[in-house]
Amino acid sequence: MSFWDVTRQLADGFGITLIIFGITLVASLPLGLIITFGSMSKIPPIKWITKVFVWIIRGTPLMLQIILIFYGPGLMNWDIMLPRLTAVLVAFIINYSCYFSEIYRGGIESISKGQYEAGQVLGMTKTQIFFKIVLFQVIKRIVPPMGNEIITLVKDTSLARVIAVTELVKAAENIIAVKSILWPLFYVGAFYLLFSALLTFLLNLAEKKMNYYSG
Amino acid sequence: MSFLEVKNIYKSFGKTEVLKGIDFSMEKGEVLAIIGSSGSGKTTLLRCMNFLETPDTGTVSVNGNVLFSSDEPPYSDAEKREKRLHFGLVFQQFNLFPQYNVLKNVSLAPELRQLKGKKLSKAEKKEIIKQIDDNSRRLLDTVGLSDKVNNYPCELSGGQQQRVAIARALALDPDILCFDEPTSALDPELTGEVLRVIRELKTSDRTMIVVTHEMNFARGVADKVIFMADGVIEEYGTPDEVFGAPKSEKTRSFLEKSLENP
Ligand SMILES: Nc1ncnc2c1ncn2[C@@H]1O[C@H](COP(=O)(O)OP(=O)(O)OP(=O)(O)O)[C@@H](O)[C@H]1O
Ligand SMILES: [Mg+2]
Chain A
1 MSFWDVTRQL ADGFGITLII FGITLVASLP LGLIITFGSM SKIPPIKWIT KVFVWIIRGT
61 PLMLQIILIF YGPGLMNWDI MLPRLTAVLV AFIINYSCYF SEIYRGGIES ISKGQYEAGQ
121 VLGMTKTQIF FKIVLFQVIK RIVPPMGNEI ITLVKDTSLA RVIAVTELVK AAENIIAVKS
181 ILWPLFYVGA FYLLFSALLT FLLNLAEKKM NYYSG
Chain B
1 MSFLEVKNIY KSFGKTEVLK GIDFSMEKGE VLAIIGSSGS GKTTLLRCMN FLETPDTGTV
61 SVNGNVLFSS DEPPYSDAEK REKRLHFGLV FQQFNLFPQY NVLKNVSLAP ELRQLKGKKL
121 SKAEKKEIIK QIDDNSRRLL DTVGLSDKVN NYPCELSGGQ QQRVAIARAL ALDPDILCFD
181 EPTSALDPEL TGEVLRVIRE LKTSDRTMIV VTHEMNFARG VADKVIFMAD GVIEEYGTPD
241 EVFGAPKSEK TRSFLEKSLE NP
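Chains A and B are the protein sequences, given in the same order.
Under our numbering, residues 1 to 215 are what the first sequence spells out, in order.
Under our numbering, residues 1 to 262 are what the second sequence spells out, in order.
Some clues are possibly wrong.
[Said to hold, decoys possible] Only pairs whose alpha carbons sit at most 25 Å apart, straight line, appear in this in silico PhoX-like list of lysine-lysine:
hint	chain 1	residue 1	chain 2	residue 2
1	A	K42	B	K118
2	A	K132	A	K42
3	B	K104	A	K113
4	B	K148	A	K208
5	A	K126	B	K80
6	B	K7	B	K80
7	B	K116	B	K130
8	B	K80	B	K28
9	B	K148	A	K209
10	B	K20	B	K247
11	A	K132	B	K126
12	A	K126	B	K250
13	A	K132	A	K209
14	A	K42	A	K126
15	B	K28	B	K202
16	A	K126	B	K125
17	B	K119	B	K130
18	A	K132	B	K148
19	A	K113	B	K83
[What the hints assert, rightly or not] Computed from the model, here is a short list of chain B residues facing chain A with C-beta under 8 Å:
hint	residue
20	R84
21	V149
22	Y152
23	L172
Derived from the structure by calculation, the hints contain no laboratory data.
Don't be surprised by glycine CBs; every beta carbon is placed ideally from N, CA and C.
Isolated chain A (complex conformation) (with noise of 0.2 Å):
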């Protein structure tokens, strides 16, 4: 089998990577901020449900949750049976958000109350505050610990296999499953390589843009 005849093989798969990572980052991003008001809400029981939703997601194997999500509604009889893809992208939000939103949390509590108090003296309302004043500083700080999630979120997507959904290492294994060849799998640890390589360039980019001031 030629390189050309893998390659085309593997794009396909490495399609389905992409779309994995690539809507799972946007979803999750904006869904994990809404998690950490949850978490981190002034009213007892939307604050203690978040906590321990974030808790079991964080606490067991992503793959256990995508088997769950997609096996799980048919046997309990429930009249849906999500496509394989979406029960995955599914599974990868939610646990994703949960990860994000943590970071999220950390980044914000780790902003001193005297920022809210001086942006309060100054006649601020709290929109304000959050966006002019601590949402860039929170950025700042979570970028770092963001990326290596990120990083792992690109790894990750190799657990949609388990349910038959036929990503990059899916696909590869297709192929020596059938032509008892090795290579492939090297060509795609490859992909993997540099797509995070890319991933890690953007992140310190962003990282060294944000360096302006220390703290």
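Guided by the hints, dock chain B with the ligands onto chain A, whose structure is given.
Okay, now just chain B with the ligands, sitting in the frame of chain A:
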């Protein structure tokens, strides 16, 4: 009727009674120094006047207008925002906004305030921003920082940062500017430049309340001095009265101690 009248302020945190009936008044253009040992409630008093804490009882009025009264129902956030603008507060820890340069630190609040919720043409908006910008530069000039407008707070010394914080508070032109130990977080050699700025503000007739541990400053600059102990005003008078001839035993022992280790 005095310019500022504070009456019967009580404030507890849970079971801790921190302010136990504070009454005082001051005139326009006066400088009031508040001294007292740690935990006597000085910060809490300033925070009450700036609406960062809500007193349990009492009233605060400025220029004949009641700003706070415990008899009124709790104020909405919007009401608090209007009311607190009569006061300004300079914090011990400066609390500058690290992501903005010096100029923006000063101009941000007036800009947000004057542009919020108004339908303005581009030209009008530009005009307002220019005015605020000019005013901010002028204020930074009065605190001696006209050469630092483009620097970020992290590039300044503590004394310079505190002077930016003073300019920032002045930008909203408060009736009464409060300082909470403005020099306590500074190295000794930097306190002078901040105190000098406060002294200059006095000559321009700013009404100010300064919580301080700098006895020489309180004595030299203040028109009136309050000595607080355990949540009450233990002694009130001119600097000569409080420092020269303290009536209360507590004041005397406090002053003796602060002379030993200033
Ligand atoms: N938010 C709060 N919750 C509980 N107790 C508080 C709170 N704020 C202040 N206190 C208590 O109130 C008392 C007075 O505090 P405050 O900060 O007003 O004193 P201070 O005179 O400013 O002291 P210092 O000279 O150390 O700054 C202290 O015993 C403090 O522990
Ligand atoms: Mg204090």
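Hint by hint, here is what the structure shows:
1. Restraint check for K42 (chain A) and K118 (chain B): the C-alpha separation of about 32 Å exceeds 25 Å, so the hint is violated.
2. Of the supplied pair hints, the one linking K132 (chain A) and K42 (chain A) holds, its CA atoms being roughly 22 Å apart against a limit of 25 Å.
3. Among the hinted pairs, K104 (chain B) with K113 (chain A) is consistent with the structure: their alpha-carbon atoms are about 20 Å apart, no more than 25 Å.
4. Taking the CA atoms of K148 (chain B) and K208 (chain A), the gap is about 23 Å. The hint holds against a cut of 25 Å.
5. Using a Cα cut-off of 25 Å, the hinted pair K126 (chain A) and K80 (chain B) holds, with the two alpha carbons roughly 12 Å apart.
6. For the hint linking K7 (chain B) to K80 (chain B), the alpha-carbon distance of about 19 Å falls within 25 Å, and the restraint holds.
7. A hinted pair counts as satisfied when its Cα atoms are at most 25 Å apart, and K116 (chain B) with K130 (chain B) qualifies at roughly 16 Å.
8. Restraint check for K80 (chain B) and K28 (chain B): satisfied, since their Cα atoms lie roughly 22 Å apart, inside the 25 Å limit.
9. The suggested pairing of K148 (chain B) with K209 (chain A) holds, with an alpha-carbon distance near 22 Å, which does not exceed 25 Å.
10. Proximity of K20 (chain B) to K247 (chain B) is assessed by CA-CA distance (about 20 Å); at most 25 Å being required, the pair is judged to hold.
11. At most 25 Å may separate the alpha-carbon atoms for a hinted pair to count; K132 (chain A) and K126 (chain B) meet this at roughly 19 Å.
12. At roughly 42 Å between alpha-carbon atoms, K126 (chain A) and K250 (chain B) are farther apart than 25 Å, so this suggested pair is violated.
13. Pair hint K132 (chain A) plus K209 (chain A) holds up; C-alpha atoms about 18 Å apart against a cutoff of 25 Å.
14. With a C-alpha separation of about 15 Å, the suggested pairing of K42 (chain A) with K126 (chain A) holds against the 25 Å cut-off.
15. Our distance criterion of 25 Å between C-alpha atoms is met by K28 (chain B) and K202 (chain B), whose separation comes to about 11 Å.
16. Using a Cα cut-off of 25 Å, the hinted pair K126 (chain A) and K125 (chain B) holds, with the two alpha carbons roughly 23 Å apart.
17. A distance of roughly 17 Å separates the Cα atoms of K119 (chain B) and K130 (chain B); the hinted pair therefore holds under the 25 Å criterion.
18. As the CA atoms of K132 (chain A) and K148 (chain B) are separated by approximately 22 Å, the hinted pair is consistent with the 25 Å bound.
19. Our distance criterion of 25 Å between C-alpha atoms is met by K113 (chain A) and K83 (chain B), whose separation comes to about 21 Å.
20. Annotation: interface hint on R84 (chain B) holds; nearest CB of chain A at approximately 6 Å, less than 8 Å.
21. Here the hint on V149 (chain B) is broken, as its CB sits about 15 Å from the closest CB of chain A, past 8 Å.
22. Checking Y152 (chain B) against chain A: minimum C-beta separation of about 5 Å stays under 8 Å; hint holds.
23. Here the hint on L172 (chain B) is kept, as its CB sits about 6 Å from the closest CB of chain A, short of 8 Å.
Violation of the numbered hints given earlier is confined to hints 1, 12 and 21; the remaining hints are satisfied by the structure.
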